[in-house]
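We have chain U; now place chain B onto it with these hints.
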Amino acid sequence: MQEDAAPPRHTALHDWHVAQGARMVEFAGWEMPLNYGSQLAEHAAVRHAAGLFDVSHMRPLEVRGPEARTLLRYALANDVAKLDAWPGKALYSTLLRADGGIMDDLIVYHRGGGAYRMVLNAAGAEADAAHLQALADAHDWRVTLCKRPDLGILAVQGPQARTIAAMVLDLPALSGLAVFYALEQDGFFVGRTGYTGEDGVEVVCANALLPDLADRLVAAGARPAGLAARDSLRLEAGLDLYGQDMTAADSPDTSNLAWTVDLRTPRDFLGRAALLARRAAGEGARLVGLALREGIPRHGCVVEDAGGRPCGVVTSGLFSPSLQCGIALARLDAAMAPGTVCAVVVRGARRPAQVVKPPFWRHGAATFSFPEEQEA
Amino acid sequence: MSKIPETLRYSETHEWVEDLGDGRCRVGITDHAQELLGDLVYVEAPAAGKAIRGGEACGVLESVKAAADFYAPVDGTVTAHNEALGDHPQWINEDPYGRGWIMELETHADACSGLMDAAAYGKLTES
Numbered sequence: 001m002q003e004d005a006a007p008p009r010h011t012a013l014h015d016w017h018v019a020q021g022a023r024m025v026e027f028a029g030w031e032m033p034l035n036y037g038s039q040l041a042e043h044a045a046v047r048h049a050a051g052l053f054d055v056s057h058m059r060p061l062e063v064r065g066p067e068a069r070t071l072l073r074y075a076l077a078n079d080v081a082k083l084d085a086w087p088g089k090a091l092y093s094t095l096l097r098a099d100g101g102i103m104d105d106l107i108v109y110h111r112g113g114g115a116y117r118m119v120l121n122a123a124g125a126e127a128d129a130a131h132l133q134a135l136a137d138a139h140d141w142r143v144t145l146c147k148r149p150d151l152g153i154l155a156v157q158g159p160q161a162r163t164i165a166a167m168v169l170d171l172p173a174l175s176g177l178a179v180f181y182a183l184e185q186d187g188f189f190v191g192r193t194g195y196t197g198e199d200g201v202e203v204v205c206a207n208a209l210l211p212d213l214a215d216r217l218v219a220a221g222a223r224p225a226g227l228a229a230r231d232s233l234r235l236e237a238g239l240d241l242y243g244q245d246m247t248a249a250d251s252p253d254t255s256n257l258a259w260t261v262d263l264r265t266p267r268d269f270l271g272r273a274a275l276l277a278r279r280a281a282g283e284g285a286r287l288v289g290l291a292l293r294e295g296i297p298r299h300g301c302v303v304e305d306a307g308g309r310p311c312g313v314v315t316s317g318l319f320s321p322s323l324q325c326g327i328a329l330a331r332l333d334a335a336m337a338p339g340t341v342c343a344v345v346v347r348g349a350r351r352p353a354q355v356v357k358p359p360f361w362r363h364g365a366a367t368f369s370f371p372e373e374q375e376a
Numbered sequence: 001m002s003k004i005p006e007t008l009r010y011s012e013t014h015e016w017v018e019d020l021g022d023g024r025c026r027v028g029i030t031d032h033a034q035e036l037l038g039d040l041v042y043v044e045a046p047a048a049g050k051a052i053r054g055g056e057a058c059g060v061l062e063s064v065k066a067a068a069d070f071y072a073p074v075d076g077t078v079t080a081h082n083e084a085l086g087d088h089p090q091w092i093n094e095d096p097y098g099r100g101w102i103m104e105l106e107t108h109a110d111a112c113s114g115l116m117d118a119a120a121y122g123k124l125t126e127s
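Residue numbers (the UniProt record's numbering), protein chains in the order written: chain U, 1 to 376; chain B, 1 to 127.
These aren't lab readings, by the way, just hints derived from the structure by calculation. From a predicted model like this one, the values you see are computed outputs, not experimental measurements. For every residue, glycine included, the Cβ atom is placed at its ideal position computed from N, Cα and C. A few of these clues could be false.
[What the hints assert, rightly or not] Ranges of calculated distance between the beta carbons of each label pair, as one might list FRET restraints:
{"#": "1", "chain 1": "B", "residue 1": "E35", "chain 2": "U", "residue 2": "C146", "range": "36 to 42 Å"}
{"#": "2", "chain 1": "B", "residue 1": "G21", "chain 2": "U", "residue 2": "E26", "range": "42 to 48 Å"}
{"#": "3", "chain 1": "B", "residue 1": "G55", "chain 2": "U", "residue 2": "V345", "range": "37 to 43 Å"}
{"#": "4", "chain 1": "B", "residue 1": "V60", "chain 2": "U", "residue 2": "A274", "range": "41 to 47 Å"}
{"#": "5", "chain 1": "U", "residue 1": "V25", "chain 2": "B", "residue 2": "G23", "range": "40 to 46 Å"}
{"#": "6", "chain 1": "B", "residue 1": "T77", "chain 2": "U", "residue 2": "E26", "range": "38 to 44 Å"}
{"#": "7", "chain 1": "B", "residue 1": "E12", "chain 2": "U", "residue 2": "G300", "range": "25 to 31 Å"}
{"#": "8", "chain 1": "B", "residue 1": "G49", "chain 2": "U", "residue 2": "A249", "range": "53 to 59 Å"}
[As the list claims (entries may be wrong)] Covered, in the sense of this in silico footprint (three residues per stretch, anywhere, with C-beta under 8 Å from a C-beta of chain U), are these stretches of chain B:
{"#": "9", "region": "39–46"}
{"#": "10", "region": "54–65"}
Pulled out of the complex, with its shape left as it was, chain U reads as follows (with noise of 0.2 Å):
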């Protein structure tokens, strides 16, 4: 998906992959792994045990100085003000253009004393950083902006991932560590957060820390996963991936995401205006999970009504490996409430499907039930 030629990028640990037997596939310009053999083992290690992620092909990038906190007010539909009294605290924020329409999706850290670390996607994170650095020369805000292309990231995700975590990096505190919350010891920043519906961490540091540390999560009961369990674990979770569920045409209302929009106080922020603008016209579209008792649903499919007019389409669709089941999200014209039966289009069979409010799997079973199961 590579706009010019440009060799893929590797990150810290790509002879590692390697050397674990990874298949590797290029990644919003990255040589990333795809999978270490089985997407499945991977997935169900990370459900019921630890996962490893290498997750560097993500962007940190330092915001520091006299006015961040107002740029990152400015330029966040998230407020960064939640993270004023909590030093290490995190948020989870969309970055809006103008029109409302969402540039990329982040998490922003603030580390005390007026200082925040982004972590950006990988394809988003050189445009964002410049759009962020011109909405700082506009305003002459004093902020410094810092790419940190020395550091990595490490994901150890499932329910023994912090214990493991804990253990590796002789961080007792990890125990106590608040969901949203980092500490940093050593050179090792460590935040609660990841992207796979289970507990865990993500863990930022010198990219030459990075091959040890794998090798002593790994040695710790850590499996290494890759973006193929990534991507079928955080749908399960209901969670968005940037440039498949939601682009620069969409805005958080239509994403699932209204509730990341702080508007309690009259803050002003990019994108306020014509978000406000959108929900007074009526913009109605809405972004829902979808699961089906049969048939896998593909990014593209389009979803019809119980009437069998087209009124939507998958923006993601795999098979679930935890709930043995097709399951989607689904960007549809219209609401339509948990349970409603409509249906996907799957290679020219119409399937049945049921609205379902993501995620569609949360603390070791579904959200949901079919019909039939509940009758049972």
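Quick look at chain B alone, frame taken from chain U:
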């Protein structure tokens, strides 16, 4: 390095064909193909009695993330498909040349003459 048994013949669409010697042959997908597809979760093979034409799609293989057509490597009539794959699609990943076989065909004597041998197929997968 994927396995390519010397005794089988191969199509450009990554099916293997085993001559069973009595006018029938057995068909599956290669080790290389299953690696590309990833973990299989659903297999739709043609029913017994169906006439199929070499080079045409005759079934569907679905992995967690992707769906792929399964092509008939030669002309023939389906005599059986591997019903156990309904419950064990992962056998195609675990044992693509053995219990992961997909279907058996009745075909004419020189049906396999247009297929590749192991050496030629090996070159194809390397290119």
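Evaluated hints:
1. Hint check: B:E35 to U:C146, Cβ distance near 41 Å, so the stated range 36 to 42 Å holds.
2. Separated by about 44 Å at the C-beta atoms, B:G21 and U:E26 satisfy the suggested range of 42 to 48 Å.
3. Roughly 26 Å separates the CB atoms of B:G55 and U:V345, a value that falls outside the hinted 37 to 43 Å.
4. Evaluation of the 41 to 47 Å hint for B:V60 and U:A274 yields a pass: the beta carbon distance comes to about 43 Å.
5. Between U:V25 and B:G23 the beta carbon distance is about 42 Å. The supplied range of 40 to 46 Å therefore holds.
6. Hint check: B:T77 to U:E26, Cβ distance near 42 Å, so the stated range 38 to 44 Å holds.
7. At about 27 Å, the CB distance of B:E12 to U:G300 agrees with the hint of 25 to 31 Å.
8. For B:G49 and U:A249, the hinted distance range of 53 to 59 Å is not satisfied, since their beta carbons lie about 49 Å from each other.
9. Only residues whose C-beta sits within less than 8 Å of a C-beta in chain U count toward coverage, and the region 39–46 of chain B has 3 of them, enough to reach three; the restraint holds.
10. Coverage of a stretch by a chain is defined here by at least three residues with a beta carbon nearer than 8 Å to that chain's beta carbons; for the region 54–65 of chain B and chain U the count is 5, and the condition holds.
Violated hints, listed in ascending order, are 3 and 8; each of the other numbered hints is respected by the structure.
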